[in-house]
Amino acid sequence: MINLFWTPGSGPQKLKYVTKICGNTLNVHEDFKRRLHEKLECLCEVDSEMECDFILAFCPVVSRAGTDIEAALEKIPDFKPSVLVVLHYTRDSDAIVPDCSSYTTNRNILTAVNCLFHEDYGLLRCQRNISASHQCVQELRNCFPVTERGVSFWQWWVLLARGISQRLRWRTILKCSSIILIVYVQQYIMKVTVNNEQTFELILKYSTV
Numbered sequence: 374m375i376n377l378f379w380t381p382g383s384g385p386q387k388l389k390y391v392t393k394i395c396g397n398t399l400n401v402h403e404d405f406k407r408r409l410h411e412k413l414e415c416l417c418e419v420d421s422e423m424e425c426d427f428i429l430a431f432c433p434v435v436s437r438a439g440t441d442i443e444a445a446l447e448k449i450p451d452f453k454p455s456v457l458v459v460l461h462y463t464r465d466s467d468a469i470v471p472d473c474s475s476y477t478t479n480r481n482i483l484t485a486v487n488c489l490f491h492e493d494y495g496l497l498r499c500q501r502n503i504s505a506s507h508q509c510v511q512e513l514r515n516c517f518p519v520t521e522r523g524v525s526f527w528q529w530w531v532l533l534a535r536g537i538s539q540r541l542r543w544r545t546i547l548k549c550s551s552i553i554l555i556v557y558v559q560q561y562i563m564k565v566t567v568n569n570e571q572t573f574e575l576i577l578k579y580s581t582v
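If you want our numbering, it's the position in the sequence shown, counting the first as 1, plus 373.
Worth double-checking, as some hints may not be accurate.
[Said to hold, decoys possible] Computed list of lysine-lysine pairs in DSSO-like fashion (alpha-carbon distance at most 27 angstroms, straight line):
hint : residue 1 : residue 2
1    : Lys406    : Lys389
2    : Lys412    : Lys387
3    : Lys389    : Lys412
4    : Lys448    : Lys406
5    : Lys406    : Lys453
[Said to hold, decoys possible] Computed Cβ-Cβ distance ranges for the label pairs, DEER-style:
hint : residue 1 : residue 2 : range
6    : Asp420    : Val558    : 31 to 41 angstroms
7    : Ile552    : Glu403    : 38 to 48 angstroms
8    : Gln559    : Glu424    : 23 to 33 angstroms
9    : His507    : Glu424    : 22 to 32 angstroms
10   : Cys417    : Tyr462    : 28 to 38 angstroms
11   : Ile469    : Gln559    : 51 to 61 angstroms
Derived from the structure by calculation, the hints contain no laboratory data. By construction, the Cβ of each residue, glycine as well, lies at the ideal position given by its N, Cα and C atoms.
Make a model of the complete structure from these sequences and hints.
Encoded structure:
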């Protein structure tokens, strides 16, 4: 799903996010964010939920996974897409944890991942944590078409239509698509008009010589 408030540009884009902490993470969330920034240079942390493109939420499990995740989801605004990182306190890098994605159905969650951490080691060096950061990066790349060269209008339009089709009725989709198409056509007409005016001026200039 693509963020409806995110729009493409002709140059490099910044993918803005706000951090939501739902419990005591022992500051390991900073390490996880650093890993995301290393893989996605376009990431930019902001302070406002209204300004961000998505919410990066961290939920440490202190009692039962289901109870803590549901409590965290109540604190996460639903008007913006979110990435949920569930933190499990353990020394065991091979610890078996419940599938956190099963608790996020019918929510505006792009992806939910499990991570293992300990107060003495921070995020454990394990395959689960590596896979978690990789999954988040891949999902963000799929949902927000941000590249160093920007994104074409049609690429963004197709992704937008695909994303909103998951949440809105076809009548609403048609209205949104029509508005986008009208704006694009207007910009194209303005560009052509400017080029024609410049061409006409050149013709007049050389015809009078």
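Given the proposed pairing of Lys406 with Lys389, does the C-alpha separation stay at or below 27 angstroms?
13 angstroms, holds
Range hint 23 to 33 angstroms (beta carbons of Gln559 and Glu424) holds or violated:
27 angstroms, holds
Check the hint pairing Lys412 with Lys387 against an upper bound of 27 angstroms on the C-alpha distance.
Holds. Lys412 to Lys387 sits at ~14 angstroms (cutoff 27 angstroms).
Hint check for Glu424 and His507 - Cβ pair distance inside 22 to 32 angstroms:
27 angstroms, holds
38 to 48 angstroms was suggested as the range; check whether the CB atoms of Ile552 and Glu403 agree with it.
Since Ile552 and Glu403 have Cβ atoms about 40 angstroms apart, the given range 38 to 48 angstroms holds.
For Ile469 and Gln559, compare the CB-CB distance with the range 51 to 61 angstroms and indicate the outcome.
56 angstroms, holds
Do the beta carbons of Asp420 and Val558 sit within 31 to 41 angstroms of each other?
The hint (31 to 41 angstroms, Cβ to Cβ) holds, given that Asp420 and Val558 are roughly 37 angstroms apart.
Does Lys406 pair with Lys453 here, judged by a C-alpha cut-off of 27 angstroms?
19 angstroms, holds
Would the pair Lys389 and Lys412 pass a check requiring their Cα atoms to be no farther apart than 27 angstroms?
OK: Lys389 and Lys412 at ~15 angstroms, within 27 angstroms.
Check the following: the C-beta atoms of Cys417 and Tyr462 are separated by a distance inside 28 to 38 angstroms.
Holds - the Cβ-Cβ distance for Cys417 and Tyr462, about 30 angstroms, lies within 28 to 38 angstroms.
For Lys448 and Lys406, compute the direct alpha-carbon distance and say whether it is at most 27 angstroms.
Holds, at about 20 angstroms.
Every hint from the earlier list agrees with this structure, and none is contradicted.
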